[in-house]
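The lines below spell out each chain.
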Amino acid sequence: MQRFAVLQLTGCAGCEVSLLNAEEWVDQHELVYMPLVTSAYSIPEVDLLLVTGSVQTDEDLYKLRRAVRRAKKVVAVGTCAISGGVLNLGDRDEIRELFFAEESRYHLPKLLPRCRPIDTVVSVDQYLPGCPPTPELFMALLFDPPDFKIAQTVCEECDRKKHKKMRPAHLIGFQHGTVLPDICLINQGYLCIGVSTRGGCRALCTRAGQPCVGCRGASNAFIEKGSKKWFATIQRIFSKMTDIPAHEIEAALRSPQLSLFLSQFSDYASKEPQPRLKAKVL
Amino acid sequence: MVTLTFPLSRIEGHAQVVIEVEGGKVLSARFQATEVRGFQHFVQGVPAEQMPVIVPRICGVCSTAHHLASVNALENAYGVTPPPLAVKIRELLLLGQLIQNQATSLFIFTMPDTLGVKGMFERLKDPDLERVRTSITGQALKVRKAGTHLISVAGGQFIHPVKAVVGGMTSGIAPEEVAVACAELATSLPLACDLFDSYWELLVSLKKRIDTWGDDAPAYYIAATAENQPDYGSNIIRLMDPDGIEGDHFTAHEFRDHLIYEETDYSFAGKTSYRGEVMRANSLARVNLVQRMGTPRADEYLDRFREAFGRPAHELLLYDLARGIELVYALERAMEILAEPLDKDDTAVPHTPRDGEGYGLVEAPRGPLIHHYRIENGLIAKAEFVIPTVHNVMAIERALRVAAERYITPEGVNMELEQAVGRVVRAFDPCIACATH
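Residue numbers (the numbering used here), protein chains in the order written: chain Z, 996 to 1277; chain X, 5 to 441.
Next up, chain Z with everything else stripped away, as it sits in the complex (with noise of 0.2 Å):
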């Protein structure tokens, strides 16, 4: 039976909540730390950490340094541990020192100058994107089974159809309010990447109407490559489908609901862009 650690970091517990919906581990796997769920005060030797939140106080740095020594594997999970997640938007210059104003407060743990992802701290053996990755994708993690196999993109596992004379001249900003049912979002004029989005999510947001917002990052083809790359083929994607100029696209790119998302495995907030390597990626 293999033993198992959740290090919550700085974050909002959502990954935690994914997993209490993937059950049937509980029977077969033994959860011995999870502050959410269980009193256990320190991490004993487990086979199996799993990492979520980001490295924002020096108390999650200390927790993360002592806690991956017991551990033989190590996971980061969720766009937090991966890149800093939503903390990301706060390490704007401006934001930063309001941050600063807050940190006399005493015997409380002091903020670091940057909110980090949780491998410029410690190596990671594996890497479960996605905010939060799904209870599927839990499992997948916990129990690996032989034939588990990840569509490449989320466009890939969505039920919408593309309709070719469906030309749309400029995107319509996020929250319209009328989505057609069936019709690709890109036809309809939103600004959905899920047509390079790594998939393995079974399409939940754009089945439901939302625009896929690129949570579980690059697809395997963009992965290793700086997030340029990325932008470009999702540039060419709606230059092929729709008339909207590139301009638009490019700034809705870098709004923040999306550039929380899209840089997670490369030219992340770090000035190492050493981009993670696909193999480890679920």
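Note that these hints are calculated values from the structure, not bench results.
C-beta: ideal position from N, C-alpha, C; glycine also.
Honestly, I wouldn't trust all of these hints.
[What the hints assert, rightly or not] Computed footprint of chain Z on chain X, listed as stretches where at least three residues anywhere in the stretch have a Cβ under 8 Å from a Cβ of chain Z:
1) 63–76
2) 149–163
3) 167–181
[Said to hold, decoys possible] Quick look at which bits of chain Z chain X covers, simulated, 3 or more residues with Cβ under 8 Å:
4) 1006–1012
5) 1032–1039
6) 1048–1059
7) 1103–1117
8) 1204–1215
9) 1245–1255
Based on these hints, arrange chain X on the given structure of chain Z.
Showing chain X alone in chain Z's frame:
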């Protein structure tokens, strides 16, 4: 002076309790939130329409509430009223979240306190206790899943849902999805009642053992729900005074006239009071404030609860029983709504974005949640998140002090204090990710 620090677990997020003692006298009891991200700062400059996707990331446990509060705030700013069908589907979302949350809080977070174990996933050596543990855990996860599935059906996905948009919902719910959700809720209802019955019994034995239901003083109660029966999409926040007299009520944009917010220098979370007085939000507040639950099984439990504990009920551990009543209510109420047609086309109305201020209110599982945005040039110029857990911080600290005084004497510290601290905090089911955001 001696400082006792208690790390906390089985709550959402990172927090600890610090109690200062001198000569057997309790000097202070503090509840410290030890994480912070700073959403109110870094969403400045974000296009307003992206908020419903970004702000659910405040908390993976409460993401549905943030998603809806955010959409409400934008609708308020743009002057849009969503159609009745969308309102109904949003109620389903909140009910799904209530099922998920109350089942998790009761049967995963606090159940171990009544059984005397570390957590519901810990394997036990005693075969009898182990049988009880695995059976409760299995059932609890099933009930919880009926809630998360309901959120997925209504909101696209159960963590960080996506289907609420300004003006309504992106689509209705197809009959075949309704059928699956209904079947799950129907199987979960008897499971939930069984679990709740066992919980009630276990809590009574716990009370006998520790000789208290949580002996803190009465408080004000605050909730955004209708008077006669629960309505978590109500746009009025209501208060009840410690004697059970209904008092003040106000809308989201008037909250500053009634609630006083202060920062603390020892925690990343602030605290609010009702004009300086201690107040309480979450399950017990709602169950005190509402006349009836309005569904058969939930009302049976409510009668039993009121007969035993009166109205308003004040003892801390009763928060958990109130959670059970709400769990049963949410399962029943969701089935009522699902019996109506939900796949019509009119799920959203058109709108034109405009600059201005907007307030969005929902009754989240932990209490009234307000999002307040100021929009300039289509971008967020200011964002304010008024978080239910923050309303409970003063009540938590007062109750911690009572517990500390009970177990700390000049002779020494009774080690039951550690359990008591956990029980006090978990009664309020605080969410630290939300509180500090």
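Comparing the hints with the structure gives:
Only when three residues or more bring their CB closer than 8 Å to a CB of chain Z does the claim for the segment 63–76 of chain X stand; here the count is 4, and the claim holds. Evaluation of the coverage hint for the segment 149–163 of chain X: fulfilled, as 8 residues show C-beta separations to chain Z shorter than 8 Å, against a requirement of three. As drawn, the segment 167–181 of chain X meets chain Z at 7 residues by the rule of a beta-carbon pair under 8 Å; at three or more, the given contact holds. For the segment 1006–1012 of chain Z, the stated coverage by chain X holds: 7 residues have a C-beta nearer than 8 Å to a C-beta of that chain, and at least 3 were required.
Note: the segment 1032–1039 of chain Z has 5 residues with beta-carbon separation from chain X under 8 Å; the three-residue rule is met and the coverage holds. Counting residues of the segment 1048–1059 of chain Z whose beta-carbon sits less than 8 Å from any beta-carbon of chain X gives 3, enough to reach three: the coverage restraint holds. Given as covered by chain X, the segment 1103–1117 of chain Z passes the check, having 3 residues with a CB less than 8 Å from a CB of that chain where 3 are the minimum. For the segment 1204–1215 of chain Z, the stated coverage by chain X holds: 3 residues have a C-beta nearer than 8 Å to a C-beta of that chain, and at least 3 were required.
Counting residues of the segment 1245–1255 of chain Z whose C-beta sits closer than 8 Å to any C-beta of chain X gives 4, which meets the bar of three, so the coverage hint holds.
The earlier numbered hints are all upheld by this structure, with none contradicted.
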